[in-house]
Amino acid sequence: MLKALFLLIGLLLPQAANAAGITSINVTLATQEGGTALGGILAVTAPPYPIDISSGAGWVINPAIPFFSIHSHIYDAPNSPTHAVITFGFSEPTIVDSLLVNQHTNGITKIAGFVGNSLASLSPIGDIFGLNGDVVGANYFTERSNYLFDFNNTTAGLFYQFVITKTSLENGYAAYSLNPLDSNGIAFTAAATPAPEPSVYLLATIGIFGLGLYRNRIQSGGVIVKI
Numbered sequence: 001m002l003k004a005l006f007l008l009i010g011l012l013l014p015q016a017a018n019a020a021g022i023t024s025i026n027v028t029l030a031t032q033e034g035g036t037a038l039g040g041i042l043a044v045t046a047p048p049y050p051i052d053i054s055s056g057a058g059w060v061i062n063p064a065i066p067f068f069s070i071h072s073h074i075y076d077a078p079n080s081p082t083h084a085v086i087t088f089g090f091s092e093p094t095i096v097d098s099l100l101v102n103q104h105t106n107g108i109t110k111i112a113g114f115v116g117n118s119l120a121s122l123s124p125i126g127d128i129f130g131l132n133g134d135v136v137g138a139n140y141f142t143e144r145s146n147y148l149f150d151f152n153n154t155t156a157g158l159f160y161q162f163v164i165t166k167t168s169l170e171n172g173y174a175a176y177s178l179n180p181l182d183s184n185g186i187a188f189t190a191a192a193t194p195a196p197e198p199s200v201y202l203l204a205t206i207g208i209f210g211l212g213l214y215r216n217r218i219q220s221g222g223v224i225v226k227i
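Residue 204 in our numbering sits at position 204 of the sequence shown, and the numbers go up by one each step.
No lab work stands behind these hints, which were simulated from the structure alone. Incorrect hints may appear among the rest.
[Stated by the list, open to error] Label pairs and their in silico Cβ distance ranges:
1. 196 to 73: 29 to 39 Å
2. 196 to 54: 25 to 35 Å
3. 48 to 184: 38 to 48 Å
4. 142 to 184: 17 to 27 Å
5. 170 to 194: 42 to 52 Å
Cβ coordinates follow ideal geometry from the N, Cα and C atoms, glycine included.
Working from the sequences, and respecting the hints, build out all of it.
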């Protein structure tokens, strides 16, 4: 009976409405030193829904961004930026498999990822190079080319944090959009509405399930038929 209940729950949950969407984006001040399109607005958060992806930190996930979303020359050491952190919040726990970066010619080569249901408790999902490995030198990337960082992540969470740990140029980097992708390579978009409360669907499902048992009891002469 429990198996049937779980199947009913899965069927009744509206898949499109339950798809996770981005509800917040935050970038650290150190990512803005070189000048960007964000205009000093380092964070956007829903509500209201959806977040505006044509202003402030919302530009980070907009492929049509007119200029850089992150751009800095503040470094701890050659090829190692200082405090270059981008954080995404989601409407419900979800699995981000990879991060797609639209590169400047002097771009990003290595990123550390973290996931969790609280910003105070994040777990690492890897500190990885992009597809071309540990590349160095000026103007390595083609301007506005897409570059994939594939974490092969299988852990769901409400928050994802990405820290730039290495760049191709030793003292500067920039990027246009940065888009979290699911396991099918589809970019997450801004959540249109809040995630529905699970209790609403559970109550509806349990009610329907109970009516089914009652009907089966009547039809079988008072004996509940095993489903």
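Going through the hints against the structure:
no., hint, result
1, 196 to 73: 29 to 39 Å, "45 Å, violated"
2, 196 to 54: 25 to 35 Å, "27 Å, holds"
3, 48 to 184: 38 to 48 Å, "29 Å, violated"
4, 142 to 184: 17 to 27 Å, "25 Å, holds"
5, 170 to 194: 42 to 52 Å, "44 Å, holds"
The structure shown violates the earlier hints numbered 1 and 3.
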